[in-house]
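Chain by chain, the residues:
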Amino acid sequence: TQLLEQSPQFLSIQEGENLTVYCNSSSVFSSLQWYRQEPGEGPVLLVTVVTGGEVKKLKRLTFQFGDARKDSSLHITAAQPGDTGLYLCAEIRMGAQKLVFGQGTRLTINP
Amino acid sequence: DSGVTQTPKHLITATGQRVTLRCSPRSGDLSVYWYQQSLDQGLQFLIHYYNGEERAKGNILERFSAQQFPDLHSELNLSSLELGDSALYFCASSVAGDRGRYYGYTFGSGTRLTVV
Numbered sequence: 001t002q003l004l005e006q007s008p009q010f011l012s013i014q015e016g017e018n019l020t021v022y023c024n025s026s027s028v029f030s031s032l033q034w035y036r037q038e039p040g041e042g043p044v045l046l047v048t049v050v051t052g053g054e055v056k057k058l059k060r061l062t063f064q065f066g067d068a069r070k071d072s073s074l075h076i077t078a079a080q081p082g083d084t085g086l087y088l089c090a091e092i093r094m095g096a097q098k099l100v101f102g103q104g105t106r107l108t109i110n111p
Numbered sequence: 001d002s003g004v005t006q007t008p009k010h011l012i013t014a015t016g017q018r019v020t021l022r023c024s025p026r027s028g029d030l031s032v033y034w035y036q037q038s039l040d041q042g043l044q045f046l047i048h049y050y051n052g053e054e055r056a057k058g059n060i061l062e063r064f065s066a067q068q069f070p071d072l073h074s075e076l077n078l079s080s081l082e083l084g085d086s087a088l089y090f091c092a093s094s095v096a097g098d099r100g101r102y103y104g105y106t107f108g109s110g111t112r113l114t115v116v
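As you go down the protein sequences, you meet chains S and Z in turn.
Taken in order, the first sequence gives residues 1 to 111; the numbers are from the working numbering.
Taken in order, the second sequence gives residues 1 to 116; the numbers are from the working numbering.
Chain Z with its partners taken away, still in its complex shape (with noise of 0.2 Å):
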């Protein structure tokens, strides 16, 4: 168990539908980043959270949005879900700011997200 829970584990839907993933960071972490990783593009940087403030943006299609929450739990939306969607999504947390550069991210174990 690495700290960071990710829920569900696994999720099938239908295209067009909305769904929302959810992190709890590792107890004491206030950052919080989004990956998507699928078998083509490898671990794509989705966003940045830290202590509820948005701090960076990657590849992120204006169809999903995050936000975190002041108990430091984020929420991935994800909306009109499209077949191409379909990918693990990563949560990871770290310590605050620089630190980050030598403790490194600890990641969940992810969400499958199955669009059919």
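Extracted from the complex, chain S is given alone in its bound form (with noise of 0.2 Å):
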């Protein structure tokens, strides 16, 4: 069974700094998607990437697709309180009949 691992767990830092979190697979992805997801909501979908190699920005976000399609990166410059959430990686699996996802990574930006 292919797991998506993600890392770190946790992550706490001030605002300003940069982060990077990360998501890996024992094998390759078809496509991948992030998410983030607030308390007390759904998760909302932030990107897809599908071709290795790829590179995807939305503001002060950047993914990163490896080039064997098996890890994806996420890093987030000069992080703000409002960049706070649970961001998971997810894969779409069996013909786009299933989204399994990643434990997740619990972000905190701190004032």
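Hint data in this document are derived by calculation from the structure and do not stem from the laboratory.
The beta-carbon is built from N, C-alpha and C at its ideal position, and this holds for glycine as well.
There may be inaccurate statements among the hints.
[Unchecked claim] Only pairs whose alpha carbons sit at most 20 Å apart, straight line, appear in this in silico SDA-like list of lysine to any residue:
hint	chain 1	residue 1	chain 2	residue 2
1	S	Lys56	S	Arg69
2	Z	Lys57	S	Lys59
3	S	Lys59	S	Glu17
4	S	Lys56	S	Leu19
5	Z	Lys9	S	Pro39
6	S	Lys59	S	Ser73
7	Z	Lys9	S	Arg69
8	S	Lys70	S	Glu15
9	Z	Lys57	S	Lys70
10	Z	Lys57	Z	Ser38
11	S	Lys57	S	Gly85
12	S	Lys56	S	Gly66
13	Z	Lys57	S	Leu3
14	Z	Lys57	S	Glu17
15	S	Lys56	S	Thr20
16	Z	Lys9	S	Glu38
17	S	Lys59	S	Gly40
18	S	Lys57	S	Ser73
19	Z	Lys9	Z	Thr20
20	S	Lys57	S	Gly16
21	Z	Lys9	S	Glu41
22	Z	Lys57	Z	Ser27
23	S	Lys59	S	Gln97
24	Z	Lys9	S	Val44
25	S	Lys70	S	Leu3
26	Z	Lys9	Z	Gly28
27	S	Lys70	S	Lys59
[What the hints assert, rightly or not] One-sided excerpt, in silico: chain Z residues whose CB lies under 10 Å from chain S:
hint	residue
28	Ser31
29	Tyr35
30	Gln37
31	Gln41
32	Leu88
33	Gly108
Put the two chains together into one complex; each comes in its own frame, and the hints tell you how they fit.
Here is the structure:
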């Protein structure tokens, strides 16, 4: 069974710092999505990456898909308190019949 | 508002009881997915319905069942409830088939179930 491993599990940093969180798999991803979840709400899609080596930017967030499509990273520049949340990577499996999530990285940005 | 509506938002019930959680997908989405989120297990896929038909099953207990109706809303039925069933239950919807790979899933705000 392919597992999605996210690291670190918890991260607490000061406002203005940069950070990177990771998502790794034991085998090749077909495609990968990153979601952010805030307390009391459902996950919200941030980005989808499909091609090995792909880099996508969303304001201060940079998403990278590994060349071999077995890993992905999310880098946040100059973190702000509004970035606080649970960051989840997810892979669509079985011909888009289900989305499988990693355990997430719980990020706290302190003012 | 994501466009996916879940009711109720909160539910407190006793062990052994049965509850029904309801989900209305985003307009135009034919696929509905149910997930369970607990602190120690993360987001666990339960079941996927597409246009009224079951398409995929995850680690869904036999005490749990779901269906999708002709108007595309879905219900998740949980019976013989146990303390360990306390969790957040999310519904998500997506555009049809493989396009969900690119457009992602839209989640509702969830139902928080507490079994006492």
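Which numbered hints are broken by the structure, listed smallest first? 2, 7, 8, 9, 14, 17, 22, 23, 26, 27
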